[in-house]
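Q: Sequence:
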Amino acid sequence: MFRHKDYILTIYEVGGFTKAAEKLFVSQPSLSATVKRVEDRIGAPIFDRSTSPIALTETGRKYIQYAMQMKSIEEDFERFVSDSDNLLTGKLRIGGSSFFSALILPELILEFNKKHPAIEFEILEDSTRNLIAKIGDNTLDLMIDNTVLNEEQIQAKVYQSERLVLAVPKCFAINEQFKDRRFTAEEIKADGHLKGKSLDFSKLKDLPFILLHAENDTGKRAEKLFKKYEMKPNVVFYLDQQITSYNMACMGIGVAFLSDTLVKRIAPSEDVYYYVVNDRIAQRDIYFYYKKNRYLSVACKRFIDYNTAE
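For what it's worth, numbering that gives the first Met the number 0 labels the leading residue of the sequence shown as 0, then goes sequentially.
The hints are simulated quantities; they were obtained by calculation from the structure and are not laboratory data. Virtual Cβ for every residue (Gly too), placed ideally from N, Cα, C. Hints may be right or wrong, so weigh each one.
[Stated by the list, open to error] Pair ranges (Cβ atoms, derived): (1) 52 - 278: 40 to 50 Å; (2) 124 - 153: 14 to 24 Å; (3) 67 - 219: 14 to 24 Å; (4) 233 - 50: 22 to 32 Å; (5) 304 - 68: 38 to 48 Å; (6) 277 - 149: 21 to 31 Å; (7) 138 - 36: 31 to 41 Å; (8) 64 - 235: 15 to 25 Å; (9) 52 - 153: 34 to 44 Å; (10) 227 - 267: 48 to 58 Å; (11) 279 - 202: 44 to 54 Å; (12) 41 - 233: 21 to 31 Å.
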């Protein structure tokens, strides 16, 4: 519950969500959703939103007290590590598909490098199959992927979970039928889709689809959904990349399967609505993969721990 304490401390310091969102460089809906999740976990509100500027509740005052103590302890320890341990040096070789290399790894590396600037990173963009081979021959330290691997030599650690959503062109008439179940990109970014209404997947049976090839995990899951719902889709394109299918959906060509991870990281479009399918097939994890029984450098361990800590 203190994972997002910096967000809550900033709101407390500036006296409101709008100013805090600007200072933190996040959207206000996303910030509000984050705070709401913390409050739900605590079981009580932190802020009294009926006042202007917002005030702390009794629980909120206690939260701020402990959050400030924790922040002070963290800063003391960071100084200790910096003074005694500018230990993290060397190079970390990390790989991913074009999606992960373009949209996920840069932000993970940027945040990690703020704390450990002496680490050099080498990013390798390649297919999952080739990256596994490189881990096997020790030419790659770490890879990030959403494919479930059953390789004996590979160890996995969950980075985060994600959901597949359906991007339906706004020009499709079916959107009027399901007004109460559609989401905008901003709502996806604020995790509104995780608690909102889902769509009966079979209702889309007459629409054209843009799919990824079956060797792609997203493509595999789409095929599983069609099979489960006994649908024979009208497939207008088979593609290699989610971002290409997204662009085609925005052009009104067909329905695309996208991860909410992608939707949260690309520029929002006014040309599509998003829908959730409440099915386990549409949920998956993103993993860090590394070679089992191989010595991991301190830098690699720290990078994994830093990006998987709760």
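Q: All hints are to be evaluated individually against the structure, with a verdict given for each.
A: Structure-based check of all given hints:
1. 52 - 278: 40 to 50 Å: Holds, since residue 52 and residue 278 (Cβ atoms, about 43 Å apart) stay within the stated range.
2. 124 - 153: 14 to 24 Å: 19 Å, holds
3. 67 - 219: 14 to 24 Å: 47 Å, violated
4. 233 - 50: 22 to 32 Å: 54 Å, violated
5. 304 - 68: 38 to 48 Å: The hint (38 to 48 Å, Cβ to Cβ) is violated, given that residue 304 and residue 68 are roughly 22 Å apart.
6. 277 - 149: 21 to 31 Å: 27 Å, holds
7. 138 - 36: 31 to 41 Å: 40 Å, holds
8. 64 - 235: 15 to 25 Å: About 58 Å separates the Cβ atoms of residue 64 and residue 235, which means 15 to 25 Å is violated.
9. 52 - 153: 34 to 44 Å: The hint (34 to 44 Å, Cβ to Cβ) is violated, given that residue 52 and residue 153 are roughly 51 Å apart.
10. 227 - 267: 48 to 58 Å: 30 Å, violated
11. 279 - 202: 44 to 54 Å: 19 Å, violated
12. 41 - 233: 21 to 31 Å: Once the Cβ atoms are compared, 48 Å apart, the range 21 to 31 Å for residue 233 and residue 41 is violated.
Hint compliance for this structure: hints 3, 4, 5, 8, 9, 10, 11 and 12 are broken, all remaining hints hold.
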